[in-house]
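Peer 1: The chain contents come next:
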Amino acid sequence: MESLVYIALFAPFVGSLFAGLFFARSPKNIVVGIVNSSLLFISFLASISLAIHVFSHGAVKVTMMEWIGVGDLLIPFGFIVDEVSVSMMVVVTTVSTVVHIYSNGYMDHDKGFNRFFSYLSAFVFSMMILVMSDNFLGLFIGWEGVGVCSWLLIGFWYHKPDVSPEVNPAISPSYAANEAFIMNRIADLGMLVGIFLIYWNVGSLQYDVVFPALKEYAGTVTIYLIGITLFIGAMGKSAQFPLHTWLTDAMEGPTPVSALIHAATMVTAGVFLVIRANPIYDMIPEVSFFIAALGTFVAFGAASMALVNRDLKRIIAYSTLSQLGYMFAAAGLGAYWVALFHLAAHAFFKALLFLGAGNVMHAMHDELDLFKMGGLKKVMRGTYLYMGIASIALAGLPFFAGFYSKDAIIETAFNEGAYIIWATLVLTAGMTAFYSFRQVFLTFHGEERYKEAGLHPHDMYTYVLIAMSPLAILAISAGWFQEEFHNFIIKLLPDYVMSEHTHHLAIYLGALVVVVALVGIGIAYLKYARTGKKAFKQDAKVESGFFYKLLINQYYVPHFYRFAIIEPYKKLSDIAWEIDKRVVDAIVDAIARVIYKSGDASRGMQNGNLSSYLNLMGAGAVVLVLISAIISLIG
Amino acid sequence: MIGVSHYLILSGILFSIGFIGVLRRKNLLMLFFATEVMLNAVNIAFTAIGKYYNDLGGQMFAFFVIAVAASEVAVGLGLLIVLFKKHGSLDLDTIAEMKG
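Protein chains in written order, with our numbering: chain A, 1 to 635; chain B, 1001 to 1100.
Next up, chain A with everything else stripped away, as it sits in the complex (with noise of 0.2 Å):
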């Protein structure tokens, strides 16, 4: 079982090195595509065969290695795969396999092929890291591993020029990513602070002796110190507010990076957290509640926002900042295994909703304007067919994935008796049935507006529609095995269970989001779906409103950061340069100025005539003399 967990674990590095060193300089070369895909694909099966595995004998623990022994301090490079662990690695080398051969077809043009892969490869591997580690320190250094994957591939077309944030709020590439990473820099340091305290007063960083031991901390200051500051780097990872900017703006990044990191795997790792730390959640309960609340919160932001937004690929980012609500919001309530639930669900449906956007921006030249596109459905059908599944998935109709692990979290918030959060969830399924079938009727109903721009979109590759099909056979059946899912992952997580009461009711409490997303899909079907004198036309006058430009400004917070923030940040700069130039600068020029001086001026000394050397030898030997006497006199 050893050789798996390494297989599983490496064979993604093995991949990100074969493209990076052998093919980093060549042009496109599909041997790697294939090989990554290949080895992707290993590690699928070996996390497929590890799962099947812990399921029959329990947990797999390997220490590949001491890693840090300093002292009292012995961090081993160990690993464990348990139940929660294994969920997380199937979901996320299912995921990177129908990924890595997607991108085959996606970058199929692009000059950076290789690299493309290479950092792609190298992006699982943290992932890996991340969810296999056995302690603290191992995760965080996948939790940064992942950040630098998702700079560089944010930026990955680093070549574009800045523009203004009216034309694009992301400005361009490269200020996403380093908005991406600096954002993350920030929760980061929460995040260790976290790690920090956890090792300052238990004296160990692995979970099997963290967490026993922090049970004497019941109650205490310290472990709502430990669980605020982890919930921060949860946070920063997760895009929850108010660190939230950067995923919208990550969304310059290759799409095929959109549906894998900034859908499906890595903006999970806070959530991942959460379930992981839950011994720790669970002796906070207020701090839990805030955690729901704030998840609540977001859920309900973000699907306002993606209501009015046109671009393709935002909207699904809104939509998956919301879903991460959804995940919080259970995991606050102590329903971790919901929350990871939901989080495998969404991660299917959400990475085929990508997918399929890229292949609409594949076939409309990269234009992601929803008002440019419509009536796609005739020219691309397998796309359509996907991403049809996929929202009705995040809408959570019946039969569905995202039906049974969205309603598992709204019945959560009623049995917590959390009205207000129930409320709040059940508004927001609505707005997200509204806004993922608003952006499916706008790409692929009504009126042919693509053919205004002379375009002739055609579908993608046949095998790049293929690849995607296990996704979209995820989102359809993931839902289905919850009972199954359930019973292998308490054996981790604490059980959560509905009260008598809100069984009877589930029913109803189902039926009610059902017809509340009904409504948002009907909604959307009446104002965009439909064609001739009916057809959806831009209103100048809904545009100017109030509501309208405060969600398609989000919330002006983007604004806010730059005036309150990144302005006065760039002042601060300009009169720290100042400073550096006229007092740090100035000093060290003096020091150069002086020497410099001082050699040109002794320069006469060296004069090529032998005499006057001797007469300076001489003097020089007198003097050194003199001075001897003196001391000795003195002495």
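For the record, the hints were derived by calculation from the structure and aren't laboratory data.
Since this is a predicted model, take the numbers as computed values, not measurements.
Treat each hint with caution, since some may be false.
[Said to hold, decoys possible] Below are the SDA-like pairs computed for lysine to any residue, each with C-alpha atoms no more than 25 Å apart in a straight line:
#: 1; chain 1: A; residue 1: K377; chain 2: A; residue 2: H456
#: 2; chain 1: B; residue 1: K1026; chain 2: A; residue 2: L368
#: 3; chain 1: B; residue 1: K1026; chain 2: A; residue 2: N168
#: 4; chain 1: B; residue 1: K1026; chain 2: A; residue 2: K377
#: 5; chain 1: B; residue 1: K1026; chain 2: A; residue 2: H456
#: 6; chain 1: A; residue 1: K378; chain 2: A; residue 2: L368
Since chain A is already given, all that's left is putting chain B on it; use the hints.
Peer 2: Only chain B this time, still in chain A's reference frame:
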């Protein structure tokens, strides 16, 4: 009675003469003479102090200095002849080539 101080004074006078010669002379050959005078002034001091302390080390050192001086003169004179052939003069002011 001639004591050790007389020898040391003689040695000091000879050394000063040699030193001034090194400083003032412009002819390379004269510089050589001046350094020889300084070396021999030191030899006198060595032997006198060696005798004063009944220690043969001083005289031994003087022999060493004489041997080293002899070889130095042999090499130095060879170089002088080459220099003279090249420049036609041994005056330091005229053969100075390096300029800072």
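Peer 1: Does each hint fit the structure? Answer for all of them.
Peer 2: Hints, one by one, checked against the model:
{"no.": "1", "hint": "A:K377 x A:H456", "result": "13 Å, holds"}
{"no.": "2", "hint": "B:K1026 x A:L368", "result": "90 Å, violated"}
{"no.": "3", "hint": "B:K1026 x A:N168", "result": "83 Å, violated"}
{"no.": "4", "hint": "B:K1026 x A:K377", "result": "104 Å, violated"}
{"no.": "5", "hint": "B:K1026 x A:H456", "result": "97 Å, violated"}
{"no.": "6", "hint": "A:K378 x A:L368", "result": "19 Å, holds"}
The structure fails hints 2, 3, 4 and 5 (numbered hints given earlier, in ascending order).
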